[in-house]
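Given two chains presented individually in distinct reference frames, assemble the corresponding complex, making use of the accompanying hints.
Protein chains in written order, with the working numbering: chain A, 1 to 538; chain B, 1001 to 1195.
Just so you know, nobody snuck in bad clues.
To be clear about the criterion: a stretch of chain B counts as covered by chain A if any three or more of its residues have a C-beta under 8 Å from a C-beta of chain A, and this derived list gives those stretches: (1) 1164 to 1172; (2) 1177 to 1188.
These stretches of chain A come out as covered by chain B in the derived footprint (C-beta under 8 Å, 3 or more residues): (3) 53 to 66; (4) 76 to 83.
Here are the simulated distance ranges between beta carbons: (5) A/Lys18 with B/Lys1100: 42 to 50 Å; (6) A/His117 with B/Ala1166: 29 to 37 Å; (7) A/Val12 with B/Leu1023: 53 to 61 Å; (8) A/Lys112 with B/Pro1107: 45 to 53 Å; (9) B/Ala1166 with A/Val473: 45 to 53 Å; (10) A/Val12 with B/Arg1126: 27 to 35 Å.
Note that these hints are calculated values from the structure, not bench results. Yeah, the Cβ is synthetic: ideal placement off N, Cα and C, and Gly gets one too.
Chain residues, written in single-letter form:
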Amino acid sequence: MTETNQTLGIVVSGSVEKGVDIRLDAQASIEDMVVGRYVTIKGKKRRFFGMITDISLGVTDEAITATPPDISDPFTAEVLAGTATYGTLHVLPMLTIGGDVASIVEGPQPVKTVPSHFSRVSLASEQDMELVFGKEDAQRFWIGNPLDMETKLCLNLEELVKRSNGIFGKSGTGKTFLTRLLLIGMLQKSKAVNLIFDMHNEYGWEGSSESAGRKVKALKQLFPEKVAVFTLDEENSKRRGVSTDFTVRIGFDEIEPEDIALLRQTLNLTEAATEAVYQLRRRFGRDWMQKTLDLSDSEDTKNLLQQMNIHESTFQNLRRGLATIRRLPFIVQRAPVDAVKSILEYLDRGINVVLEFGRHRDITTYVLVANMLARRIYNRYQEKMEASMAGNVASPTPLVITIEEAHKFLNREVANYTIFGTIAREMRKYNVTLLVIDQRPSAIDEEVMSQLGTKITCLLDNERDIDAVLAGVSGKNELKTVLSRLAPKQQALIFGHAVPMPVPIKTREWGSQESYKEFARGTDSKQQAEKDIKELFD
Amino acid sequence: MSNKIGEVIESTTTGFIAEAYELYDLPPFGSLVKITDPSAEIYGIVCQAGTASIEPGRRPIARGKDEASEEAVYRTSPQLMKLLRSEFTVLVVGYARDEKIYQYLPPQPAHIHAFIHPCSPEEVKRFSRSFDFLGLLVTANAQVPAEELIAAVLREMSRVQDDPRAFLVAAGKSLTTLLGGDYQRLRAILGRLRV
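If we strip away everything but chain B, and leave its shape as in the complex, we get (with noise of 0.2 Å):
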């Protein structure tokens, strides 16, 4: 598995947060990844992501003053790059086991260090057969607010799919369901799935 992009570096049974190996080189809000433990797939969504000081304490500082471009303040300060590191929150939505999909918590959190890969387009459409899924987003404790991530995710989920709309129209439908006949929810997250 040489597409890895990072590592568990805490873990829950709702979600863990990674950290990537390049700065900056994220996976994008609301995507696919999966980990790859010994004993199951563990499949979550990036609810959240971010770059800060490695230290909590230093925060850093504004360097670009006199540099022509944010790529020339890089190049000055190289110790940069190790001074920083870019984090993602995952939200856990599922897990594999022989090969069959269970859209919900695992019986185990993951493992710190485990590696975190992006999920292929097969693998999403694979996932992304049953809408099982929302039901875990909907009632999330994400820091970002769970309409703006579902939208998301769902956008992104159709990117792969044969028929994008058709698959939007199924997934909005499980979600009216889900709601339960909060209509103005339902509407702030069709509003965000027009692409």
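So here's chain A without its partners, still in its complex pose (with noise of 0.2 Å):
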């Protein structure tokens, strides 16, 4: 603690809009200061809590840069060193602590003023971050640690829950194994279920590490009886041993002409041909699908279509499009059991549902199917929730749900159509968020992106990327370096409603078998009363 409550430096210069400048002491090492690491600044009234968003080398003399001192000399250099030669820091304050009564009571607030000059600068001690991020406990999760810091940033998940959040990165950062993370500190301390559309088999059953090459477990293998695996392809999940719950059939009559809108670039299809769908479906009913690839190409079918105003070329490119969709191995005429009521069955028990795609990898399948079901989903839940604002039943378990390459739901041309962008922007009215993994953030729709509580991004390179996620926060270009600094691995930046103020973080560990048995130590003791109970019956 000593170490960490060396002054660094005092306060020179700054404004509340562009963050303070400290000039570093001669004795603190410029070397040990790190983009992303916190300090407090004691003011005269209150203390100022930041973070270090800058760090550059000055001069008093522009000399000494046009000729500079003999290096095999240490002495001048050393002379020189915090008198005429300085290292500033550039801070970023977010957030102050009083020292008054009602200050301690309301915890840390966000900041309006900047500390008076001369103000001393420390590095931020454990109390400070445990009072600023609080500690783990009934809601709180612990994700990870501030960069340098052993203090434990942790979470408040019911908070989090209540509003849709993403996390972003570029592929290979880490995105799945904070996902999972996240994940688990849900399941474990927030009331909330979780519908994941797993598009790459990783969140149910063993997932691999990039790194080490292992296998690692996902959520099934730590919390049996809290998760339920769905596939889409029994006979994969099958092969890789994973113990399912449920095979996905999707019927024809259950497609709807906004899935096919959302296909349209995947499927290829033309203006005229979405447009035609929904014609269709006026026409022909619920079982449009299977009444359109009936049509046989007679006199009949040209005058209908002659009836409906659509065009011979435009029918073909339909036809072929919903042929592709016809294809899939898990589309059949009339599902065997509706799928929607399964999964609604489960999530009603608070058992949260993983939907493996198997190897059925291809985008299509994944909008279809994720829009598909969520849609349909959402739509229970508004009724429950009208239901229960009607007072007459209670409101129903408060659902996220989980997309992975999100932009190609909710890009600018396909947002208003999936019902994804319908639930991040309508947010929590009805007891559904979302959990938006992607990595390409550029690609989702602004007011999407404007709608997410709480982001988390891993390192992102891509200026326009980097411009998506940070868009509207306060101290954007400050938090960009910070970004854009991040290790390739186990860190990553959070800010939003969850957090009192941006943080950078290393990851929890995952994989080892000490972590495991971290995150499922709540669920072990369970089992180990329940089994001490029926032994003592028995």
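Next comes the structure, spelled out in structure tokens:
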């Protein structure tokens, strides 16, 4: 503690908007400072809590840069260090911790002023960090540690699931691991249930770790009684040794024109073809898809098309697209069991559902299935919520829907068609929120991005992606520096609703035996207790 | 006080000129000396020294043409010891009163005929705990370049320190602030500090 409380320097200039500049003391080594570290600034009336966003070198006289001293003699350099040549920290104050009673009750507040000149700056102590980020408790989940610190960063998951959230990052930066962590957190510490559209079969059963090349456990293995694995591809799941709970089959009659509209690009449909779908739906009713595919190349068909003002080539285009859907192995004429119903049953019992796609990893399948299921689930939720508003029944369990490759659902063109666009926008009114996972945030509709409560982002290096993720955050430019300097693995920047200020973190370890033990601790003890009780009575 | 080396023959607030008791027995350039006045101890830095004829108008003449060595010149003309005198100029850098050292100009200048003593290593150490006196030297109007003088002072003082290098670094840092970004001047001084 003594080491961390050492004075780093003093405040020499600054503004609320741009942050404050701190002249580093000669004895504090500039190389020990890291962008993203936390400091406290002791003002006269209150303490300020901020993050280092930039570190620079300064000289009092430009001549030093023109004729630097002879470096073979360290004496001159030593004399100049901290006097004529010095380090400057740029700190973005984010919170104030007041000294009076009111502020102790209210906790840290957003910053509205700057510390006075020559206020002392030191690295944030563990106590300060705890005060700001909270301790692990019934609602808070330890997700990682702030960079270079031992303190645990704990997210209040009860709060987190009230809004839609996003996880972003280039591919291979640890999005999946982070998502697994967050899902486990929600599983343990919030009342919400999860529905996960698991495109790459990573969340239900064993996933692989890129770096270690070993298998890492996933949700079902750690919390068998709290997670159900649904699959679209039973064969594949069996081969991988996954114990599945349900095989999803989708009937033709469950596909709606909106689903086709969404797939316009992937199915290569023309604008007119998507329009025609709506007409066909009106004409044929629920079984429109089957009936459309059954239409033969007869005169009757031609007449029918003429009646509906659908051009022959448009119709062929559409048929080709629909045939692609029909070829999908999990699409059947009529589903034996209603997948949505069973998903909802599980969710109602508080069991989290992971839907594996097996070999059907192409984006068409994913978009189609995810959108279709989510739409119907959302509708049910809406009904239930409205019923509960009428005062008769309890409101449904909050639901978090996890989607990968989110930009396919939420890009500017289709965000209005997909249910995910609606969920993201209408947020928690109906107790359904999203967990969006994506590697190309710039492709996601701005309106949707702006509605995400908490964003967790791993390394991004595309300028447009960074801008998209940070849009509307105060201190954007400073955070940009932090974001682009995250390590490519195990590091992420969290900001938004669930944290009092943006935090770069090193995510919690995942994959070792100890880590599993820690994650599953809560359940283990429960199991143990149940076992003990059983033995007692047997 | 038996170690006196000379006495004041001309005095102002900023400095004084002293005559050495023995010819050529001059304190080193840049060394710290002190005057014990009845009211205060005045500290000064030797910034100039020289030897000349006692009569300003009479310049000594060369005498060694037939002598074997310099010593022989003085031996054959013993009167020289009385006709020549060594003087040194001291810049006042502080004073002490009631056991406390103030590193700025004293309220009163030194008296004429006040005795001058060289400072002991302990006194030098005590005085050099603070570098405020460097401010007086930086702005002093001495006949020698200030860079030369400051470097000489610091070299002299560093000799008695426990850790001469740390002392010089600390002094250098104070100087950097004092010189206010005049890097060339600073470099000139630092270059002369290597011992």
